[in-house]
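**Q** Using the sequences provided together with the hints, build the complete structure.
Position one of the sequence shown corresponds to residue 462 (our numbering), numbered consecutively onward.
Simulated from the structure, these hints should not be mistaken for lab results. Among these hints, one or two may not hold up.
[Stated by the list, open to error] The list that follows gives simulated cross-link-like pairs (lysine-lysine, PhoX-like), each with its CA atoms no further than 20 Å apart:
| # | residue 1 | residue 2 |
| --- | --- | --- |
| 1 | Lys645 | Lys575 |
| 2 | Lys969 | Lys1002 |
| 3 | Lys700 | Lys1016 |
| 4 | Lys1002 | Lys1029 |
| 5 | Lys542 | Lys575 |
| 6 | Lys1081 | Lys932 |
| 7 | Lys535 | Lys575 |
| 8 | Lys579 | Lys549 |
| 9 | Lys549 | Lys575 |
| 10 | Lys715 | Lys868 |
| 11 | Lys684 | Lys868 |
| 12 | Lys579 | Lys535 |
| 13 | Lys971 | Lys715 |
| 14 | Lys1066 | Lys1076 |
| 15 | Lys645 | Lys765 |
| 16 | Lys715 | Lys932 |
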Amino acid sequence: MQNIQIYFATETGNSEQIANTLANKLRSLNVTNSVHDIYYLNPSDLIELKREIFYIIFVVSTCGQGCFPYSIQKLIRWLKKHIKQGNKVLRDMSYTIIGLGSSLYEDSFNLAAKKLDKYFRGLGAKKFCECGEIDEVKNNVSECLLWWDEVFFPFIKRNYTLDEYQHCLDYIQINLEPKSFTCKIYFGVPGDNLTLNNNNIQEGECYISRKYFALSAFAVKEKTLLCKPFKIGPQNFRKTFQLTLLPTYSCTYKTFDLLDVLPSNTEDIIVKFSKRIFNIDNIDKLNNITISLTPNDQSCSTYKVPFPTPCSLTYALKYYFDIITIPPKEVLLQFTPFVTEQNEKRIIEDDYFHQLLTKFYKLSLLDYIYIFLPSLKYIPIEKFLTFFGMRQKFRTYSISSSSSVSKNDINITVSTYTEGPYASLSYAPSVINPKYLYFRDLRVQYYNGTCSNFLFTLKENSSYIYGQIRKSSLDISSFMLKAPLILITHGTGIAPIRALLNEIGYIKMKNRSVKLGPIYLFYGCRTAEDILYNNELIYFKESGVLERTFFAFSKSCKRHVQDILIEKEQEITDFLKNIGTYIYICGSPTFTVNVKKTLSCIGKKNEIDHDIVEKLSREKRIYTETWN
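**A** As structure tokens, this is what we get:
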């Protein structure tokens, strides 16, 4: 029987969790397998993994609008190079892919896995069974187990006989096909006598998100600025604050759990958008329009339509549509039939110009339409509501409180930018094509972060947000009381670490005889004034929860966390030699990769292991969480 190798590419740890779930189930069947972080894969080694010896499973997350995780970028560059050269270098490789994505991102759902599949096929590789497309909205592990039961396990039972397996259907892919629905527009307030115009009926298709149907309300109890705002431009400031929330229902959460927040659009944004798109400039008129969505297939799942109805058009635009962010070009193309000028249609189709406006300028969808699509005709409401790729996405925040200490409260730590009201398009060096120069003197209104600024504007004791608590892929019970523990982070990455330290402090207070291992914290900030939760960190040090704390100040001292790790090489070496060591890293993708590189260099230099980070990953003793 062939050896199965599992490679995961992840940003937040979910792909690693799925990879380990598969590995454990394979071991229960006495199937030889191994799990690896794809970051440490030498791409040319794939050429040597012959299908007679190995089957390879790639578990790949999709980040943002269809991007690959940072850890797989080296492999992607290698694949593209050989595709360009026309080499069939992987003709002897046998693979399948499990993609992790969110159906909230309709236009890019599991796009990374689909692109990887295309690259492998282009280089001659053969799939030994159908790929799985997992929807995190429906729970990653349960979706993975469905793929196992319906696709992979039958393959295992057939003792790797590929010919007998060809007829096996991929349940996951069938289950995740877009659902069709009918949108009807009524005039009147929901609950009253409604009037239906037969002209206001439109059919549409989309992926279904259960999250919209399971929203919970959280009251804003308190908003606390955590450090002094600092200037990052002529009129630009960065502010970091803590939001204390009160669940309006009975809920439980654990350390490292996450809060998915649904942002909302303001009334003035809704009116401005509706005036230009629907020719409706009055909030009362919007409130008097009721939406009804009905599934075309009555036999499909409980959640059959894009979002709960009936509801007013105001409510739908407030919570279920992102009318601020410029969407991908594929989504904007849906506006093309309503644009009368050919030059404006070409603007929509121009990849470079789209990248210019979304990457280098904080231009809103509203400004994009007002400035560049003046010939856009009014769009029927029912037609717009069936556009794909316009759904409001949930934003995820690490819970920074411990449920043991804050039994009724939930804390999240948020960083946001506040900027000047206007910006000229003239200052970006990217405007190099003469055909774009006539836009350079335009002044456009800034729209700040959709969710972080929404949270910053909330009022204490009078505001609510909607969201869901999501279980983390990390389990602190495996290492919380083990010794020793290294915590490495920067900026707001301190949030889950604060929750962990509070949890450990609570256990220590409840049972003073419990023996805790040494905990070292490495924390990167701009200056000493930017240390978040500084008083709490001092308390944790004085109470014995933290043994050592090391700060790296990138602005005032020009030192980064990696520099401190190298300076404390002897302490790090002692930790790495201890078979009980656990490491937790939280930060940006670049930060976490650089920290792992530094740890690997220390391990090699001191002859601990050829690659200590991969060894710790295999032994589940290094945990990483990142944000995009």
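**Q** Hint by hint, say whether it matches the structure.
**A** Quick rundown of the hints versus the structure:
1. Distance hint between Lys645 and Lys575 is unfulfilled; the C-alpha atoms sit about 34 Å from each other, more than 20 Å.
2. Of the supplied pair hints, the one linking Lys969 and Lys1002 holds, its CA atoms being roughly 13 Å apart against a limit of 20 Å.
3. With a C-alpha separation of about 16 Å, the suggested pairing of Lys700 with Lys1016 holds against the 20 Å cut-off.
4. Between Lys1002 and Lys1029 the alpha-carbon distance is near 18 Å, which keeps this suggested pair within the 20 Å criterion.
5. Between Lys542 and Lys575 the CA atoms are separated by roughly 18 Å; this keeps the pair inside 20 Å, and the hint holds.
6. Taking the CA atoms of Lys1081 and Lys932, the gap is near 18 Å; set against the 20 Å cutoff, the hint holds.
7. A hinted pair counts as satisfied when its Cα atoms are at most 20 Å apart, and Lys535 with Lys575 qualifies at roughly 18 Å.
8. Taking the CA atoms of Lys579 and Lys549, the gap is near 13 Å; set against the 20 Å cutoff, the hint holds.
9. Using a Cα cut-off of 20 Å, the hinted pair Lys549 and Lys575 holds, with the two alpha carbons roughly 19 Å apart.
10. Between Lys715 and Lys868 the CA atoms are separated by roughly 11 Å; this keeps the pair inside 20 Å, and the hint holds.
11. Restraint check for Lys684 and Lys868: the C-alpha separation of about 18 Å stays at or below 20 Å, so the hint holds.
12. About 17 Å separates the Cα atoms of Lys579 and Lys535, which keeps this hinted pair within 20 Å; it holds.
13. For the proposed pair Lys971 and Lys715, the alpha carbon gap of about 18 Å is at most 20 Å, so the pair holds.
14. A hinted pair counts as satisfied when its Cα atoms are at most 20 Å apart, and Lys1066 with Lys1076 qualifies at roughly 16 Å.
15. This hinted pair checks out: Lys645 and Lys765 have alpha carbons roughly 15 Å apart, not beyond 20 Å.
16. For the proposed pair Lys715 and Lys932, the alpha carbon gap of about 8 Å is at most 20 Å, so the pair holds.
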